[in-house]
Every structure is written in structure tokens, then in C-alpha cells.
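**Student:** Turn these sequences into a full structure, and let the hints steer you where they fit.
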Amino acid sequence: MSLKRTEIAKILANPTIGETVLVKGWVRAFRSNRFIALNDGSNFGTIQVVVDFENFDEDIIKKIGFHAAIAVTGELVESQGKGQSLEIIAKEIEILGECNLDDYPLQPKAQTMEFLRSNLHFRMRTQTMSAVFRIRHGVAFAVHQFFNDNGFNYIHTPIITGNDAEGAGEIFHVSTFGANEAPLTEDGKVDWSKDFFGTKTNLTVSGQLQGEIAAMALGKIYTFGPTFRAENSNTSRHLSEFWMIEPEMAFADINDDQNLAEDFCKYLIQYILDNYQPELQFLDQRIAKLEKNMKAELRRPMGLIDTLNFVVENDFERITYTEAIRLLQGSKPYKKKRFEFPVEWGEDLAAEHERWLVEKKFKKPVIVIDYPKQIKAFYMKMNDDDKTVAGMDVLFPGIGEVIGGSERETRMDVLKARMAEYDIPEEELEWYLDLRRFGSTPHSGFGLGFGRMVQFITGMGNIRDVIPFPRTPGNAEF
RNA sequence: GCUCCUUUAGCUCAGCUGGUUAGAGCGCCGGACUGUUAAUCCGUAGGUCCUAGGUUCAAGUCCUAGAAGGAGCGCCA
Numbered sequence: 003m004s005l006k007r008t009e010i011a012k013i014l015a016n017p018t019i020g021e022t023v024l025v026k027g028w029v030r031a032f033r034s035n036r037f038i039a040l041n042d043g044s045n046f047g048t049i050q051v052v053v054d055f056e057n058f059d060e061d062i063i064k065k066i067g068f069h070a071a072i073a074v075t076g077e078l079v080e081s082q083g084k085g086q087s088l089e090i091i092a093k094e095i096e097i098l099g100e101c102n103l104d105d106y107p108l109q110p111k112a113q114t115m116e117f118l119r120s121n122l123h124f125r126m127r128t129q130t131m132s133a134v135f136r137i138r139h140g141v142a143f144a145v146h147q148f149f150n151d152n153g154f155n156y157i158h159t160p161i162i163t164g165n166d167a168e169g170a171g172e173i174f175h176v177s178t179f180g181a182n183e184a185p186l187t188e189d190g191k192v193d194w195s196k197d198f199f200g201t202k203t204n205l206t207v208s209g210q211l212q213g214e215i216a217a218m219a220l221g222k223i224y225t226f227g228p229t230f231r232a233e234n235s236n237t238s239r240h241l242s243e244f245w246m247i248e249p250e251m252a253f254a255d256i257n258d259d260q261n262l263a264e265d266f267c268k269y270l271i272q273y274i275l276d277n278y279q280p281e282l283q284f285l286d287q288r289i290a291k292l293e294k295n296m297k298a299e300l301r302r303p304m305g306l307i308d309t310l311n312f313v314v315e316n317d318f319e320r321i322t323y324t325e326a327i328r329l330l331q332g333s334k335p336y337k338k339k340r341f342e343f344p345v346e347w348g349e350d351l352a353a354e355h356e357r358w359l360v361e362k363k364f365k366k367p368v369i370v371i372d373y374p375k376q377i378k379a380f381y382m383k384m385n386d387d388d389k390t391v392a393g394m395d396v397l398f399p400g401i402g403e404v405i406g407g408s409e410r411e412t413r414m415d416v417l418k419a420r421m422a423e424y425d426i427p428e429e430e431l432e433w434y435l436d437l438r439r440f441g442s443t444p445h446s447g448f449g450l451g452f453g454r455m456v457q458f459i460t461g462m463g464n465i466r467d468v469i470p471f472p473r474t475p476g477n478a479e480f
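Just so we're aligned: 414 in my numbering is position 412 of the first sequence, and the numbers increase by one with no gaps anywhere.
Don't take each hint at face value.
Claimed, not checked - So the derived label-pair ranges between C-beta atoms look like this: (1) 179 to 301: 51 to 59 Å; (2) 233 to 150: 27 to 35 Å; (3) 35 to 277: 32 to 40 Å; (4) 199 to 233: 19 to 27 Å; (5) 64 to 293: 35 to 43 Å; (6) 24 to 275: 33 to 41 Å; (7) 339 to 432: 44 to 52 Å; (8) 479 to 77: 43 to 51 Å; (9) 294 to 479: 28 to 36 Å; (10) 435 to 293: 46 to 54 Å; (11) 121 to 179: 29 to 37 Å; (12) 85 to 175: 52 to 60 Å; (13) 164 to 105: 45 to 53 Å.
To be verified - Under the rule of at most 30 Å between Cα atoms (straight-line distance), these lysine-lysine pairs were calculated in the DSS-like manner: (14) 222 to 196; (15) 334 to 362; (16) 111 to 65; (17) 6 to 26; (18) 337 to 363; (19) 334 to 111; (20) 363 to 389; (21) 418 to 375; (22) 222 to 268; (23) 337 to 294; (24) 366 to 291; (25) 375 to 362; (26) 297 to 366; (27) 111 to 12; (28) 268 to 191.
Hint data in this document are derived by calculation from the structure and do not stem from the laboratory. We put the beta carbon where it would ideally sit given N, CA and C, even for glycine.
**Tutor:** The following block contains the structure:
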């Protein structure tokens with residue numbers, strides 16, 4: 003009977019010293035014509051294969067190169083060298099897939115993220131990307147675990163929707179009409195009633211409003227899916243297609259919302275600390291190397307793992323918008339006129355202001371609540387002062403806003419007035435108003451940018467490097 | 001959308017106030033090496049200097065336009 007392949011992770015977890023094993027994987031390094039570092043994706047690291055090259059065909063030895071796919075049959079033994087406890091003494095080696103290094107773009111050394119972005123189909127093979135995407139999976143898993151353990155139901159809200167009234171950004175239209183082929187109405191406008199769905203449709207910008215429908219029946223729900231914004235945003239924190247997590251809770255006010263947001267963030271980070279130490283250590287060292295030659299003020303105040311531990315172990319700072327403005331007006335950069343944008347009650351906080359609050363003043367995540375009504379969405383609950391709404395932003399060091407959420411407005415007259423202020427026709431959101439007409443109750447929720455959370459946990463500088471196939475203005479490769 | 005920066009070998013970069021055969025490190029390839037850990041040592045090859053115009057006796061270097069990439073800002077998650 004021929005030997006069955008064993009995954010490297012299983013060998014390392016439960017070694018059977020002295021037994022003959024078959025492993026298959028990709029070569030990460032081949033040193034001294036003798037030592038192969040082999041990775042098969044089952045774990046982050048490698049297993050060492052020792053080759054007595056005198057006993058092998060020269061043709062085979064030559065093909066054992068960087069990122070070649072090979073199969074090795076050999077004896078599992080305790081390693082004679084330092085740096086690993088186990089190794090496999092190769093008896094047979096089969097080349098499964100050669101990797102011609104004359105033409106292969108990747109090299110066995112550190113490469114820039116910009117270069118790797120131009121080779122998206124190869125970049126996951128690098129150690130950095132391997133660490134990032136393993137952690138990305140871990141965070142996604144932890145999202146479901148957290149909500150499941152806390153009694154939330156996962157709701158699939160639509161990706162294509164006729165909902166055009168959310169005001170969360172520019173939309174991508176969805177149509178089966180070809181360019182210049184759209185049928186027109188008598189007055190010369192495109193006749194959307196003849197389109198596939200019989201109405202004008204677009205890709206979703208948020209699942210929140212549909213999430214509220216579900217929360218009014220199931221109590222606690224969450225969505226976790228792709229969202230699309232056609233904004234011409236060119237930053238390291240924005241994607242045109244990104245994944246968002248949106249919990250919604252019935253019978254919950256803005257305080258419950260803040261508690262959920264804080265517990266949730268801490269849970270995700272703790273889960274990765276508990277389950278992805280090798281990956282985190284690699285990313286931590288990677289950042290340390292990158293920052294080695296940087297000026298002290300440009301470096302991170304703490305290492306990656308220390309930062310994650312710090313966030314988990316400390317309470318988030320919670321302040322009102324009004325308080326934030328007061329603090330900012332008393333700040334050194336304000337007095338020295340270093341801020342580019344005005345700090346005035348009624349003006350939205352700019353990135354420089356958020357950064358000062360998070361990185362200079364409190365040095366930890368900050369939740370800001372009770373924003374002026376004019377800078378927040380129509381569905382947020384109006385506070386008793388008639389000036390502010392029960393909205394919140396959760397601000398993280400380095401990446402700014404990770405969460406935006408609110409208690410929702412449930413009073414029919416107030417909601418209608420707010421919609422009028424935003425020129426949202428009532429007939430478009432009759433169903434949303436119905437939720438307030440029939441069995442309405444206070445409820446709250448938020449949206450967490452999944453990529454931003456992964457960015458924070460991995461310490462990656464650009465959100466394009468934490469999603470396999472980034473979609474940004476002018477780029478939709480693969 | 002706005003501002004700034006970058007584009008020279010496979011990769012990362014150097015190339016001064018324009019001057020004649022365009023450099024380095026790493027990688028690749030060839031060789032050496034029986035315990036390596038980003039292995040090490042020796043050697044070879046490798047370049048439309050992003051594109052198109054222009055200025056000049058002479059342009060990688062200066063000017064104009066365009067393209068691609070990056071950083072920051074705005075919008076947000």
C-alpha cells in the first residue's frame with residue numbers, strides 16, 4: 003500500500019519519531035544543497051527536510067528551488083541542528099511542479115508591498131501575506147464565534163438592492179442594459195422598468211436598514227458581507243469593495259451599543275493573540291525591521307503584540323463630541339495653530355483631531371458619542387437637546403475610525419422630519435417607517451470595517467494588503 | 001476630487017551644478033561547500049534610464065504633456 007500524505011501541521015502537532023512519512027509542499031529555502039524548508043499551507047512555518055544530495059539524481063537536486071512544489075518521503079527524526087526540533091531525512095523526492103526562477107518574479111527575500119501588489123496571484127506565497135491572510139481568516143471565524151456565543155443570528159442582507167436612499171456614499175449601478183442600449187421612456191430618460199429587476203438597482207452600501215428589519219423579529223442579529231462604494235477615495239484605509247460587520251440589537255440604547263462595540267473589538271483581538279502567535283511574532287518583527295532606520299517620532303510607540311495586549315487590557319475612553327471639542331480647543335496644536343481644519347462645535351472632527359485624541363491625549367481607543375445632528379445620518383436618534391444625535395465613532399490608533407454606529411430613531415414624527423431634512427422621499431422607505439408603525443422598540447447597532455480591524459491587528463500600513471484582491475478606483479485586477 | 005513625492009538591471013536603490021564605455025547590494029545563472037536557519041565564498045550574464053515631444057554641440061540629468069505607482073487630505077467602515 004502506498005503511503006498517504008500527512009499535513010505538516012499534523013506532524014508537528016503529533017510527531018511519530020522514527021516513522022516514515024510522506025509530505026508535500028512548496029520549497030521556502032534550500033540551503034547548502036542539503037536543507038529544505040518546506041511549507042504546505044497547513045501551518046505558518048516550515049518543516050526541515052534533510053537531503054543527502056549524493057544519493058539523489060542531480061536533475062532532481064537542481065529542481066529543488068524556491069517555491070517549487072515537491073513530495074518527500076522520509077523518516078521523521080529529532081533534529082540534529084538548532085532552530086527546529088524535528089526534521090525529515092529524505093528517502094525519495096518527487097518534483098510535483100517546477101518553478102523556473104529565471105522567469106518567476108518572487109525572490110527569497112523581503113519585497114516591497116508595492117511590488118507584490120503588481121503580482122497579486124503570487125503574493126499570498128510570501129510569509130507576510132501568509133501571516134496576514136491566516137489572521138484574516140481567524141478574525142472572520144472569531145466574528146461568528148463571538149456573535150453565536152452571544153445569541154446573535156447571522157443575517158444575509160442583499161448585495162443587489164433597489165434601496166437608493168441610505169446616503170452612505172456613491173453607488174455602483176447594477177443593470178443588464180448594455181452601453182447605449184438602454185430603452186428610453188417617452189420623455190427621453192432611461193426606462194428602468196424594462197431592466198432586469200424592473201427597477202433601478204445598485205450594489206449595497208450597507209446592510210443596516212435590512213438588518214433593522216431582522217432585529218425587529220430576531221432581537222439580536224448581525225450581517226457580515228461585502229459592501230460597495232463608488233467614492234473616489236484614494237487612501238490606505240479605503241476600498242471600493244470591502245467587508246463590513248453590522249450587528250443590530252433590539253431593546254438596546256447607545257450605551258449598550260458602546261458596550262457591544264468594545265467587547266467585540268477586544269474579543270477579536272484576544273482571539274488572534276490566543277491562536278496566531280507565530281504569525282503575530284513574524285509581523286511584529288517585520289514592523290520592527292521596517293522601522294529600524296526611521297526617526298523615533300515616526301515609529302510606533304509600542305510593538306504590534308504589545309499594542310494588541312494594551313487594547314485588550316484597558317477600557318476604551320468614552321467621551322462626547324462636545325467634550326472632544328473642548329479638549330481639542332485646549333490642546334497644544336490648537337493653541338499653536340497647528341491644526342489645518344477648524345475646531346468648532348458643529349464641524350466634523352478631521353483626521354488630525356481624531357489622531358490627537360487617540361494617539362496623544364488618551365493613547366488608546368476612544369469612543370466619541372453625541373455628534374451634532376447635521377454631520378450624521380438621518381436614522382440616528384435625536385437627543386433631548388435637539389442638537390445632537392446618539393451616534394458613536396470608535397477610533398483606533400493608526401487607522402482612525404473602525405466603527406460607526408448609533409441608536410436608531412424610532413419616533414415617527416422625528417424620523418420623518420429628519421428624512422425631510424435630507425430630501426429622502428418617504429415613499430422610498432415606507433417599509434422602514436413601517437418598522438416604527440408596528441411593534442417598534444428602541445434599537446441600536448454599528449458597522450465595523452472588517453479590513454480595518456485586520457489592518458489594526460496585523461499592523462499592515464495599507465488596507466490593500468489585507469484583502470486578497472483589492473478593488474480601488476482604477477483597479478479591479480483578477 | 002485636491003496636494004506632494006517617485007519612476008534607472010529581475011528586486012531595492014545610487015548617479016553632484018547636463019559631458020562621451022550607466023554603478024552598487026540582493027536575486028538569477030555557473031562553480032565550491034556533509035548541519036544550514038535571510039547559509040557562506042568565488043565568478044559570469046543582465047539596462048528601449050516610464051512614454052512622447054522639446055531645449056542643447058551634448059540629456060538618465062533641464063523644460064512641456066501624458067502614463068503608472070506611492071504618501072497625505074477630503075468622503076467613510
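**Student:** Honestly, do residue 64 and residue 293 meet the 35 to 43 Å range at C-beta?
**Tutor:** 39 Å, holds
**Student:** Just to be careful, I want the Cα atoms of residue 337 and residue 363 compared with a cutoff of 30 Å; is the pair within it?
**Tutor:** Within the cut-off at roughly 15 Å; holds.
**Student:** Honestly, do residue 121 and residue 179 meet the 29 to 37 Å range at C-beta?
**Tutor:** Check passed, 36 Å falls within 29 to 37 Å.
**Student:** Does residue 362 sit within 30 Å of residue 375, going by the straight-line distance between their CA atoms?
**Tutor:** 27 Å, holds
**Student:** Please work out if residue 297 and residue 366 have their alpha carbons no farther apart than 30 Å.
**Tutor:** 22 Å, holds
**Student:** Are the Cα atoms of residue 334 and residue 362 separated by 30 Å or less?
**Tutor:** Roughly 10 Å separates the two Cα atoms, so the pair holds.
**Student:** Just tell me: holds or violated, for the beta carbon distance of residue 435 and residue 293 against 46 to 54 Å?
**Tutor:** 52 Å, holds
**Student:** Given a hint of 45 to 53 Å, does the C-beta separation of residue 164 and residue 105 actually sit inside it?
**Tutor:** 49 Å, holds
**Student:** Is the gap between the beta carbons of residue 479 and residue 77 within 43 to 51 Å?
**Tutor:** 44 Å, holds
**Student:** Below or equal to 30 Å on CA atoms is what counts here, so check residue 366 against residue 291.
**Tutor:** 24 Å, holds
**Student:** For the pair supplied as a hint, residue 363 and residue 389, is the alpha-carbon distance within the 30 Å limit?
**Tutor:** 26 Å, holds
**Student:** Has the hinted range 44 to 52 Å been met by the Cβ atoms of residue 339 and residue 432?
**Tutor:** 50 Å, holds
Comparing the model with each earlier hint shows violations of hints 14, 19, 23, 28; every other hint is respected.
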